[in-house]
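Asker: Residue strings, one per chain:
Number of protein chains: 6
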Amino acid sequence: MSKTVYVTRRERFNAAHKLWNPAWEDEKNLKTFGKCANPNWHGHNYELFVTVKGQPIEDTGYCVDLKDLSDVIEDLVISKLDHRNLNLDVDFLKDKMTSCEVVAIGIWDELESKVNAMGCKLHSVRLHETENNMVEYFGGE
Amino acid sequence: MSKTVYVTRRERFNAAHKLWNPAWEDEKNLKTFGKCANPNWHGHNYELFVTVKGQPIEDTGYCVDLKDLSDVIEDLVISKLDHRNLNLDVDFLKDKMTSCEVVAIGIWDELESKVNAMGCKLHSVRLHETENNMVEYFGGE
Amino acid sequence: MSKTVYVTRRERFNAAHKLWNPAWEDEKNLKTFGKCANPNWHGHNYELFVTVKGQPIEDTGYCVDLKDLSDVIEDLVISKLDHRNLNLDVDFLKDKMTSCEVVAIGIWDELESKVNAMGCKLHSVRLHETENNMVEYFGGE
Amino acid sequence: MSKTVYVTRRERFNAAHKLWNPAWEDEKNLKTFGKCANPNWHGHNYELFVTVKGQPIEDTGYCVDLKDLSDVIEDLVISKLDHRNLNLDVDFLKDKMTSCEVVAIGIWDELESKVNAMGCKLHSVRLHETENNMVEYFGGE
Amino acid sequence: MSKTVYVTRRERFNAAHKLWNPAWEDEKNLKTFGKCANPNWHGHNYELFVTVKGQPIEDTGYCVDLKDLSDVIEDLVISKLDHRNLNLDVDFLKDKMTSCEVVAIGIWDELESKVNAMGCKLHSVRLHETENNMVEYFGGE
Amino acid sequence: MSKTVYVTRRERFNAAHKLWNPAWEDEKNLKTFGKCANPNWHGHNYELFVTVKGQPIEDTGYCVDLKDLSDVIEDLVISKLDHRNLNLDVDFLKDKMTSCEVVAIGIWDELESKVNAMGCKLHSVRLHETENNMVEYFGGE
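Protein chains in written order, with the numbering used here: chain X, 1 to 141; chain S, 142 to 282; chain B, 283 to 423; chain U, 424 to 564; chain E, 565 to 705; chain W, 706 to 846.
Incorrect hints may have been included.
[To be verified] Straight-line distance between alpha carbons at most 20 Å, and here's what the computed EDC-like set of lysine to aspartate or glutamate pairs gives:
{"no.": "1", "chain 1": "E", "residue 1": "K599", "chain 2": "W", "residue 2": "E752"}
{"no.": "2", "chain 1": "X", "residue 1": "K96", "chain 2": "S", "residue 2": "D206"}
{"no.": "3", "chain 1": "W", "residue 1": "K772", "chain 2": "B", "residue 2": "E418"}
FYI, nobody ran anything at the bench for these hints, they're computed from the structure.
Can you make the complete structure from the sequences, with help from the hints?
Answerer: Written out as structure tokens, the structure is:
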């Protein structure tokens, strides 16, 4: 089969963060980010949807074994973000704003090479911060 | 950062409507639209997903402040549709069929110029009429 | 088996309504019910959860055949409420306020005798008007 | 009407917290609470369901105006918990463990007298910490 | 604290089954159970909600450690039902009809003594077979 | 109107299946597919989202009558898959692996010509096997 299918795995992580630009005065942070700038942090149940594209292999019917994909996401992303502080505890977010946009880009960068070595290609990273706010990143510029 | 991210805000509105073409006889309306043509109206809890694309600004990590986007959607769309009759009460749906398709296009037209002036670009309007029926419009022809 | 189990069936209906007390002046209606008093109606996707209690029969494992329960709910409730105006089109809500509370009680009264003749007992009617507002009625005073 | 109906309002808040007993050594905290004891906090999108019981008033069909109930919950609970640190920022959780159980009891105690003065009676506080973990408190011992 | 709180853990399992009474002729099975009697089986994503009641311990704020409760449910229930055939593969459902009611009772019986030895008391087992059909069992007759 | 809108209909089916390559030894099947290779089958509540693209007709506001689309999906897909065994009972999956990818492609092939004769064009078939695993197929290679 040489038909392209998009396969998505959902994972979840619960994390603390705040939106705070250390180069700015407190007042500007509070004015810009409102309650998201609470100095003592707040947090979210993040939902992460990782989509890969590939051709199903005839022997298995799989583009990718979702157990393997889940293991990679667990290893490279969830184990680093779950029950953590996104601003303080995460190597790949160091010195970055932890907006949903930036976190999604960071997750893409963590996953890209390892996923692309699995016989499929990373297509998108979608991250839901709340039931009302979500972002999606497809790589590239 | 010059990476393009898609950011989505969900909003909701509860509205009455009916599908009824005033140029047609009653019988044709009832035959074409079935129970959706009930003369005394019916209604829905609509879910609206507005997606914009943009590059996160380094200082904030935001493509767009979702509070600002939400305010624009509230001002231009929700305040006009929520707890209203789509056929009778909404200026931008006047003399139109209030199918989910047409309402989504109308919402796009309301939002486009104002959203595109916010430093990002309107990408799509997705409208869920029920848990089983939904449409998405990306602008253009 | 003489063990009591509670069995729930979810059904849905999409309806228009408004909150309006005809004994009151317009101004009092608008002040009391706010946007729910919009004269031209609004509407909802209602979710209805009907729970019965009973003992599973050994031959089938069923307290009640959910297909039969669904048919009764369809016949007595959904066919009367779906794609209707709750204030104008529904015999059992005539001259009543169509608050979620009153609609739930009306649905209970419609269902009670027929459900109780099916070998189980009506336990509760839960009605969701939106994802944020819901009521439950267990019968009686 | 003197029929008792249970009315539920859903609200949401996003907060940081950790499970940490200051009377214990670090090691015991980490052993007991695992990743929930992360010193730099984690967080959740909490969903709160507040249920009151009452009799619908004939004039309105309401047990309670859900707008009023929502305002009370906002004022007494959400404004104190949303985008906050449950361990550090919340007066009514001071010196308490911020388990879901304890937070739910705290919310009950905040709401009880004010809700019971609204013509209905507080019935339960249900708090969802994740899609898999939730608690419900009905007051009393 | 001697306040009683109800704590719920959600787990999931994906299983095959059919409704078929071996004491009956084929025709009666097909007439009674309709498409649920398909000889080659069908299946569901079951959602299981296990609720315990208990008093939060002051040192932890927990009625029960949900990790421990989850482990017990995994060990006694999920490991036996997930990716299994409920009619053929499950010791505690042997020679029983695999209706949602009977499966819920079977799960209760599996869990009761072990859960009641954890410092809390099993309160209910709620089992969702589809988004429209669910049962709840509280033990006893 | 010559504006292109994407219209989606959700349908559901409950089916049994297993992942098993008959050309392989048992051991290789069990090693490759893990619990999904359970010889006695397992099953899922599948959610199917069929998206078509088209231009709304001015007279109706419809790209396609969703009742008609639903009837076509019911006739060509749901009636063949619901309460069935995907490996044994489905003509269009005969001798195929019943991975989510392959089932989605099969559904596309069933629907394509009939949907494209309805005045719109089949755009994608999205199939959710669980809340965590889903695939989408857009046709073509």
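Asker: Tell me if the straight-line CA distance from K772(W) to E418(B) falls inside 20 Å.
Answerer: Not OK: K772(W) and E418(B) at ~32 Å, beyond 20 Å, violated.
Asker: Against the 20 Å threshold, does the CA-CA distance of K599(E) and E752(W) hold or violate the hint?
Answerer: holds, 18 Å
Asker: Just to be careful, I want the Cα atoms of K96(X) and D206(S) compared with a cutoff of 20 Å; is the pair within it?
Answerer: Given that 20 Å is the threshold and the Cα spacing comes to 17 Å, the pair holds.
Checked against the numbered hints given earlier, the structure breaks only hint 3 and satisfies all the rest.
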